[in-house]
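Chain B: place on chain A using the hints.
Protein chains in written order, with numbering that gives the first Met the number 0: chain A, 0 to 394; chain B, 0 to 394.
Hint data in this document are derived by calculation from the structure and do not stem from the laboratory. Think of the CB as a built atom: it goes at the ideal place given N, C-alpha and C, for glycine as much as any other residue. Every clue listed holds true.
With the Cβ distance kept under 7 Å, some of the chain A side facing chain B (calculated, not the full set):
hint : residue
1    : R201
2    : D220
3    : A229
4    : L233
5    : V253
6    : N259
7    : W268
Take a look, some chain B residues computed to stay more than 10 Å from chain A by CB distance:
hint : residue
8    : W31
9    : A38
10   : S328
There are 2 protein chains.
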Amino acid sequence: MWAALAAVGRDPSTGGYRRGGWTPTERAATDWFTDQCAARDLTLESDGIGNLIAWWNPSSDVQGVVTGSHLDSVLDGGAFDGPLGVVSALAAVDRLRAEGFEPSVPIGVGAFVEEEGSRFGMPCLGSRIATGVLPAAKALALQDRAGVTLAHALEQAGTDPAGVGPSPLLERMGTFVELHVEQGRALTAPVGVASSIWPHGRFRFTFTGEANHAGTTLMEDRHDPMLTYAMTALAANKQARLAGARATFGRLAVEPNGTNAVPSVVTAWLDARAASDDVLNQLLAAITRQATERAERDGTSVEVVAESVSPIVDFPAGLRDRLAGVLDSVVGGAPVLPTGAGHDAGVFSDAGIPTAMLFVRNPTGVSHSPAEHAEMDDCLAGVEALAAVLKDLAR
Amino acid sequence: MWAALAAVGRDPSTGGYRRGGWTPTERAATDWFTDQCAARDLTLESDGIGNLIAWWNPSSDVQGVVTGSHLDSVLDGGAFDGPLGVVSALAAVDRLRAEGFEPSVPIGVGAFVEEEGSRFGMPCLGSRIATGVLPAAKALALQDRAGVTLAHALEQAGTDPAGVGPSPLLERMGTFVELHVEQGRALTAPVGVASSIWPHGRFRFTFTGEANHAGTTLMEDRHDPMLTYAMTALAANKQARLAGARATFGRLAVEPNGTNAVPSVVTAWLDARAASDDVLNQLLAAITRQATERAERDGTSVEVVAESVSPIVDFPAGLRDRLAGVLDSVVGGAPVLPTGAGHDAGVFSDAGIPTAMLFVRNPTGVSHSPAEHAEMDDCLAGVEALAAVLKDLAR
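Same shape as in the complex, but just chain A (with noise of 0.2 Å):
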């Protein structure tokens, strides 16, 4: 399954895959899907926005177990990401059936839609509409990069739009796992249990200063926004080393970004994250106070906008630990660990649905690249405890 995969949506120059939603590349990935869940007599069904579950022992009365995860990339992302998931969930169901396991309840292995949001700039799309967190109306008025719309890349995939909107698939999803490989290096072991999705905040900090000739100006007569945020984001990575925490400046605008001129104003986005929506909060101050007192130094102001900020989703207890305790006797135990990563198990969580994570071991933590890796031995151990939580579940 994984060779057959690896090839669709590639760039052969860098290695990259891009499988953004509702392309051509992401559809034959889920064309690759649907083979082989036809393969194997798993009876197929889709909502109106591109989310598949493909069920073993379908009921229309009984809630059922769904696994899965997501088949489409960021941009120019690695093999892992999602599919690992998703071909976990094929083979753990294979392992079952040769072991002759019978499950009581029904068993689905889904794929969800544009999970990476690299075409329209939302994370988790699939999951937001169909748990009805981002209403139809909005969700079809995103737009790509291009300025294609989700209505009118639906009409164009040959998908009414009209079928836009909280899906029915849910209703029948009891539980869900998602097994996904790590993205950092925190888990040192084949396989982990995830407690929870860390806050994560995105801060818009706008620094302004004052234009001024590079030649010129003496150095004790600039106001320049560079230095405040420089000094900013080398206060940053501090203070999330302190705190345990992440906070990453990756994205920059400079006025009038011109080489022999003192810029007026710097804006730059934080994306920070912590363990905690409390320590979370503590970073951000922090970060923020120091802007604020170089800020004086500098005769430059710094103003800090929340964009966007979602709150910890705590994984429910009891069943992560019913996770945690089925794995102490298979390959070797599983440690619990929080991830800094959104996913859609995270929607699910939030929406109602009691959810958990499976972490496959990432070896160099390098994730949303090329490089992104993990061990065949680790992904193997990550198949016999999908397999195994499955068979708990289902039991």
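Relative to the frame of chain A, chain B by itself:
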């Protein structure tokens, strides 16, 4: 004169001037100049580029004393940078005539085209072409932001591009004196005399790290070139202060410039200027050393490329001291000081024409901005000083 010129090319919303070379606004300023010259019975001569000299007592045999500056502006520039030198030149001629002064050599009032380089990206374009420093073919191929070549812009302005090349106007320029508003706050007297134009380097720093996930990558696992850049920007500022020099990072490009991605590459342009070539070299070495040391800590790399380096322009000491001597008994004396800004006077001096500069005090040091300003009393002192200097040189 000042009131008449004030409205030409000024954006009413920002107060900033936009007089790019060979644009309608810059042509309107030039038309104003030719009218002023005609009203004074000065004999106007033009070369094939658009540089102008208007002669009092013209002669085809004797080299004259030329004063003047430029009428074009940077984007959203101020009222004084350039026009003050042209207006002061005309006012000085008026003053000398009112005194009944009879020059023994011709006195010329010059206006040189596209000094700021705001349209075609090359400062001192008119003087570089006129002196032959910039070959005609290279000049004619320059493009503005809209892709219009200089050749085409000249045609649109009714000028034959075949006339572009070393200017016959300069053959009769025996001495050149440019009066200019000072661009920092270094001048505390009303009027000063230039010693030199500081050497000036433009250096491209490329900081390379590794793109990664802003949410999941441990701070310790990152190779974040933004941190290396940030420390380098602060180091540049500190080193420039220590060296009594200037260092500015005003232009940046970040890859991939996404809020949730640790950047892979940060490219930053350093504008560095110092009192001597040695100090400039030491400044660059100190900044590069600190950048390299920080890159080792960050697990990133840094590459430095000199995009352009202009060595020092030392104005001839004899002429400089003669001006300073004349001004000892005029306007309360004129201190001798260098400047960090480039000027046509530097191009003419490098071409072997005996050249000097007078500066008029800038109380705020703001330059290349609508807020650029000089007090009327200081401007009048500038006219008085220029008149005294012309009287001495043309007696």
